[in-house]
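A.B. asks: Residue-level listing of the chains:
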Amino acid sequence: MLEVEQLTKRYGTREAVKGISFRVNEGEIVGFLGPNGAGKSTTLRMITGFLAPTAGSVRIAGIDAVADPIRARERFGYMPEGVPLHTEMRVHEHLRFRAELKGIRGKKAVDAAVERSLAQASVSDAVDRIIGQLSKGYRQRVGLADALLSDPPLLILDEPTSGLDPNQMRAVRALIRGFEGKKTVFLSTHILPEVEATCGRVVILDAGRVVGEGDPSELRSRTSAGALRFVGRGTKDAFEAALARFAEDGELTLESNGELVRGRLVVEGEDAAEKVFRAVAEAGLALRELSAEATSLEDVFASLTTEDGSDDEDSGEESDADEGEAA
Amino acid sequence: MRAAWTIAKREVRSYFTSPVAYVVLLAWTFVSGLSFYTLVYWFAGNPSTGGSDNPLTLFFGGTVLFWVPLLVFAPVMTMRLFAQEKSSGTLEALLTSPVSETSIVAGKLLAAMVFWITLWIPSLLYVWIVSRYGDVDLGAVGASYLGILGIGLFYMSWGMLMSAIAPNQIVAAILTFLVLGLLFTAGIMQFVVHDETRELLAYLSVWTHMSDFAKGVVDSRWLTFDLTMTALAFWLTVRVVSWRRVSA
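Those protein sequence lines, which keep their order, are chains A and B. Under our numbering, think of the first position of the first sequence as 1, with each following residue one higher. Under our numbering, think of the first position of the second sequence as 1, with each following residue one higher.
These are computed hints drawn from the structure, not numbers from a lab. Possibly wrong hints are sitting among the right ones.
To be verified - Covered stretches of chain A, going by a simulated chain B footprint (3 or more residues, C-beta under 8 Å):
#: 1; region: 44-54
#: 2; region: 65-76
#: 3; region: 84-98
Quick caveat, the model's predicted, so the values are computed rather than measured. Glycine included, each C-beta is placed from N, C-alpha and C at the ideal position.
Pulled out of the complex, with its shape left as it was, chain A reads as follows (with noise of 0.2 Å):
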């Protein structure tokens, strides 16, 4: 649905995107996840025809979006970063303008494609409310009905819950979730939970360069290095001596705290758990927890975004690359 091949977007000597190349295949929610600045506005602008690229294609359903724009621009729905809409308009006037600027013909059409893209961005109750009087929620989900008019087979997603609260994020996500299956979604976020939440797959982004590509849990577990976390009662030395054979290839710290001891173990296998739990009790020692620690998607990304980052050595100046446009 939408192919990337090395897309590039210098200014000036200043490269804001270094050549990225990634796809997103029909049906697919992909999240864009970067640090701010890392450039994904800039892509996304790419993507959309707002910007030119330096080099680089973008195709879309199979249609080359630099040498034929209109045609490709009919095949998404675009909600831009921070949701831009004619504020002195009411919701109606603002949908049925935007619905006729995508080409749906005649009063009756307009009209469904309002009433389909209000209901799916679950906005109705709004229509007769002037934009610039609205909540924030409110104007994103009508960013959204906007990109849902003509209700095109992809959809690209500017950070699509930025500013909204913990409420709102889960209605939008739940929104963007149900589209599974039925539409492609492409969206940005610096928001790693989001990404979790409604993505099945992540393209990570940082300081111009895709630094990583999967599945959120594939992802997870290349970093993983398996560390347990347990209480247990006994003293520190009890339990150093019943897990010196785990210490030797791994990592053990501990910590007393009274009579028990909370401790950390970096091992490998995936049947650590049982052979601590054993090694303890065999010690004649008690548990009183025993976890095996999630490597959440933030450890990912600070890994890949920080490590990688850090061995480009004019990362510094690219970190501002897309807020250059937001004036």
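Based on the hints, put chain B in the right spot on chain A.
C.D. replies: Positioned in the frame of chain A, the structure of chain B alone reads:
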């Protein structure tokens, strides 16, 4: 071109939901009313001095009271066309819609022209007033409005171009005022200089154009001038809007 119509409709609506439109309309109606009143008063007091002139021929472009307010109001009328969409971010939504730059620019210019024409509706009252107390050369009145339409295209299109270039509305208005003001000043220099540039300056002079139209003389050179300037500004605006994608 259907997209141009869609854009023009929205643009006109947005003109008339902003106070700027009403301020401009009110101010222009006041200034032009004052100018008409003064002219009628003067002609009434000096019945023999008129010659071929009457209050209407002088009203349409024959006085400073016509040009100076227009040079101020035209930039205000066009400053928002692109600059506002740039600052509010809606330009991104517009430029990523399946419409061509040409349609967008055509829609914007059409909307500005609707506003320009609205500005002149009250002046029909002056024509009616004069017709009640004397003879009105309807041909000359028609020619005057044709001239106003031509100048409108010229002014609105250049204002639109400046709005596309400028980063915000204030700069757009100032640039438009400078460009139109310079061209206007160059034009009226024809009354000052006496060498061979005089003819060129007269050709550029909207004052000359309008006084011909007001007398009922439809000179195709003047219309050609207006349409050429409009086409140039139109083409440049399309270039500026497309170029944004590359440079922004």
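A.B. asks: Indicate, hint by hint, whether the structure satisfies it.
C.D. replies: For each hint, the structure was consulted:
1. 44-54: Holds: 6 residues of the region 44-54 of chain A have a Cβ under 8 Å from chain B.
2. 65-76: Result for this restraint: holds, n = 4.
3. 84-98: Contact hint for the region 84-98 of chain A vs chain B: holds, 9 residues under 8 Å.
Hint compliance for this structure: every hint is met.
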